[in-house]
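Chain A is fixed; fit chain B onto it per the hints.
Here is what each chain is made of, one letter per residue.
2 protein chains.
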Amino acid sequence: MPQWVVVQYGFRVTLGQFQFMPMKVHNFSAGPGILPAEVLQQAAEAAINFKGMGLSLLEISHRSKEYVAAIDEAMDVVRRLLHLSDDYAVVYLQGGASLQFSMVPFNLLRPEGYAAYVNSGVWATKATQEAEKLGKTKVIASSKDANFSYVPKGYDIPSDADYLHITSNNTIYGTQMKDFPQSPVPLVCDMSSDIFSRVFDPNQFGLIYAGAQKNMGPAGATLAIIRKDLLGKSGRNMPTMLNYAPHIENGSMYNTPSVFSVYVCMLTLQWLERNGGVPAAETRNRAKADLLYNEIDRNGLFKGTCATEDRSDMNATFVLTDESHAADFEKMLKDANISGLKGHRSVGGYRASIYNAMPIESVQVLVDVMKTFEKQRG
Amino acid sequence: MPQWVVVQYGFRVTLGQFQFMPMKVHNFSAGPGILPAEVLQQAAEAAINFKGMGLSLLEISHRSKEYVAAIDEAMDVVRRLLHLSDDYAVVYLQGGASLQFSMVPFNLLRPEGYAAYVNSGVWATKATQEAEKLGKTKVIASSKDANFSYVPKGYDIPSDADYLHITSNNTIYGTQMKDFPQSPVPLVCDMSSDIFSRVFDPNQFGLIYAGAQKNMGPAGATLAIIRKDLLGKSGRNMPTMLNYAPHIENGSMYNTPSVFSVYVCMLTLQWLERNGGVPAAETRNRAKADLLYNEIDRNGLFKGTCATEDRSDMNATFVLTDESHAADFEKMLKDANISGLKGHRSVGGYRASIYNAMPIESVQVLVDVMKTFEKQRG
Chain A
318 MPQWVVVQYG FRVTLGQFQF MPMKVHNFSA GPGILPAEVL QQAAEAAINF KGMGLSLLEI
378 SHRSKEYVAA IDEAMDVVRR LLHLSDDYAV VYLQGGASLQ FSMVPFNLLR PEGYAAYVNS
438 GVWATKATQE AEKLGKTKVI ASSKDANFSY VPKGYDIPSD ADYLHITSNN TIYGTQMKDF
498 PQSPVPLVCD MSSDIFSRVF DPNQFGLIYA GAQKNMGPAG ATLAIIRKDL LGKSGRNMPT
558 MLNYAPHIEN GSMYNTPSVF SVYVCMLTLQ WLERNGGVPA AETRNRAKAD LLYNEIDRNG
618 LFKGTCATED RSDMNATFVL TDESHAADFE KMLKDANISG LKGHRSVGGY RASIYNAMPI
678 ESVQVLVDVM KTFEKQRG
Chain B
318 MPQWVVVQYG FRVTLGQFQF MPMKVHNFSA GPGILPAEVL QQAAEAAINF KGMGLSLLEI
378 SHRSKEYVAA IDEAMDVVRR LLHLSDDYAV VYLQGGASLQ FSMVPFNLLR PEGYAAYVNS
438 GVWATKATQE AEKLGKTKVI ASSKDANFSY VPKGYDIPSD ADYLHITSNN TIYGTQMKDF
498 PQSPVPLVCD MSSDIFSRVF DPNQFGLIYA GAQKNMGPAG ATLAIIRKDL LGKSGRNMPT
558 MLNYAPHIEN GSMYNTPSVF SVYVCMLTLQ WLERNGGVPA AETRNRAKAD LLYNEIDRNG
618 LFKGTCATED RSDMNATFVL TDESHAADFE KMLKDANISG LKGHRSVGGY RASIYNAMPI
678 ESVQVLVDVM KTFEKQRG
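Order-wise, the sequence lines are chains A and B. Each residue of the first sequence is one higher than the last, beginning at 318 in the working numbering. Each residue of the second sequence is one higher than the last, beginning at 318 in the working numbering.
Check each hint, because a few of them may be wrong.
Heads up, the list lumps identical chains together, so a pair's fine if it works in one copy or across two of them.
Simulated crosslink set (DSSO-like; lysine-lysine; CA at most 27 Å straight-line) [to be verified]:
| # | residue 1 | residue 2 |
| --- | --- | --- |
| 1 | K648 | K692 |
| 2 | K550 | K450 |
| 3 | K450 | K692 |
| 4 | K453 | K550 |
| 5 | K443 | K382 |
| 6 | K443 | K545 |
| 7 | K550 | K443 |
| 8 | K368 | K651 |
| 9 | K659 | K382 |
| 10 | K545 | K659 |
| 11 | K382 | K651 |
Don't read these hints as lab results, they were simulated from the structure.
Chain A extracted, bound-state conformation (with noise of 0.2 Å):
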């Protein structure tokens, strides 16, 4: 037993001088995106040794009893957090929002009846032609002719729609819906990109779901958030995979669910909650969302590509004025060990990512690097 101690013991000092390191990486990928140094040390320990049990967490059952006291955890996080009233059941699945957009219309959307969606980028356009496969769509908002570079406002929500399906974060565009819209019919959304990254009512949504890998977790493992009362509604026989309900039934559980993935899901949730919850994430999102886009916004070498009033608080996009200097500034950028920041290829430049996770000294770190480049620009 002592000397068990002792190697656990190296093993955490070691790690844990990891990041005090000289080389940090300022970590702005969009997804798989940036995780808390003490989660990834706590993860890598339930690599080698979970809960004490000898064994790792990559090779023990799934109904263990430390396993299943860890989802039950990650799912009771996710209530704490968000303070889910009883109507709600919270699962974790796998297949990352990209399933989702399958199983909400086998859920939700009757055969005779017909879905509204809003539509406000590629991933709002392919959550549409999933369900288009399963039955009606009417797609009620977009702004797709112009690039998705606004989030669509002031709609008609028809009254008769089975649900109205919305993004509340475009990852791709760095737009971000502010307010959610008042809807007569069950509100369903795609909140990937934005989940526990600043406060919101819950009991205005139908579903929610996330995949894990931009705000909550590493990739893998898949959150939604229902309803109960709109289950068993659609009257379609679909795969037991794709129904919630046994999903939920079983505690998430159906099947082996994505182990580790569930796991350090969890562990990023309890960090959120020891600093603050969602109130302190929002402040803290919203004070490095302010520092870059002032940034952006002050420096003329640079330019944001959306609608200001929609500019996502979780991924800023920019471009520079005269893409000339590209090289110069990507040069700087890696000479300051700033990672991921290359813009999607549908709307170019840069897109910062700065999620939960990414501390401010990060952004501050960009921010420098974009004033010395104005000033070498001269």
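Coordinates of chain B only, in the frame set by chain A:
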């Protein structure tokens, strides 16, 4: 740079000591199951610093060149180990075998056709039930009447079926199909619990799938091997995520893959390749199974639960001849740090899962306990 190297070295050494520690747990879990100690070390390192990027594998883009190289290798090592021809595509998916139960009929079962199924256990039954949601099935053989204690044989395979579905190894019951049927129609096989454990001719199969978590990696990744000419013929409208084609066309990255799980599969399969590939694994697995089954047969306090000729080399199921001694035996197992030996509730008794990564030394520990138990019982 030097500081970096020193820390990394310290990390590796510290982790390295782990596997030689006296408290070693013998992991007989049925799945998720045992993984090689060196793979767990590599996985833990990648969770801190992947490929020297200074970032965790849990927080980097799946489109980064470092990860694209890893997932490509994860597919390539499958090709090398199984000697797959170019007629076959290899993909990593999500959702486990349970989602394959639906993907198979979506892709291969014509609305006007039917599929043949061999019912050799609970998972085979579930596979059939999911296919029945989409079309017609015919169960051409079953061992359900004997609680699946043997593998059905000697059945006729209809030549007009769209495919024949079999399960190569039945984890719960400890049975294994020793010879695969000569099928006039495409042979589809759930190999979740014995893929890479023994040599077979892949050209016998139309489609092979496997949840990774039993013999090739952690939970969260699913392998599919598909003869390409079989695709595109079911004529079905299906969710894009359930269509093999886009996953194949996009190199397992139609959407964000289960990044970490696929990487650990790659590590596990590279470990297998370094250790002689599938032929050497088969030799080791046979030796482990012989050691254990010989003791089960020799020791009067135990008896096997399934037909001798169908006994699995992956999961050995057995019971006490006198159940009243269970508490004593289980205390001895615990004292020997033997974990995960409890049998599935539908069979009872004990199940020793002795997957590829299980060293024969751990099997010997179990056999020694069985011998000691016999001596103590006199």
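So, going through the hints one by one against the coordinates:
no.	hint	in the structure
1	K648 with K692	within (15 Å within a copy, 73 Å between copies)
2	K550 with K450	both (19 Å within a copy, 18 Å between copies)
3	K450 with K692	neither (54 Å within a copy, 66 Å between copies)
4	K453 with K550	both (16 Å within a copy, 25 Å between copies)
5	K443 with K382	between (39 Å within a copy, 26 Å between copies)
6	K443 with K545	both (25 Å within a copy, 26 Å between copies)
7	K550 with K443	both (24 Å within a copy, 24 Å between copies)
8	K368 with K651	between (39 Å within a copy, 17 Å between copies)
9	K659 with K382	between (43 Å within a copy, 14 Å between copies)
10	K545 with K659	neither (40 Å within a copy, 35 Å between copies)
11	K382 with K651	between (46 Å within a copy, 16 Å between copies)
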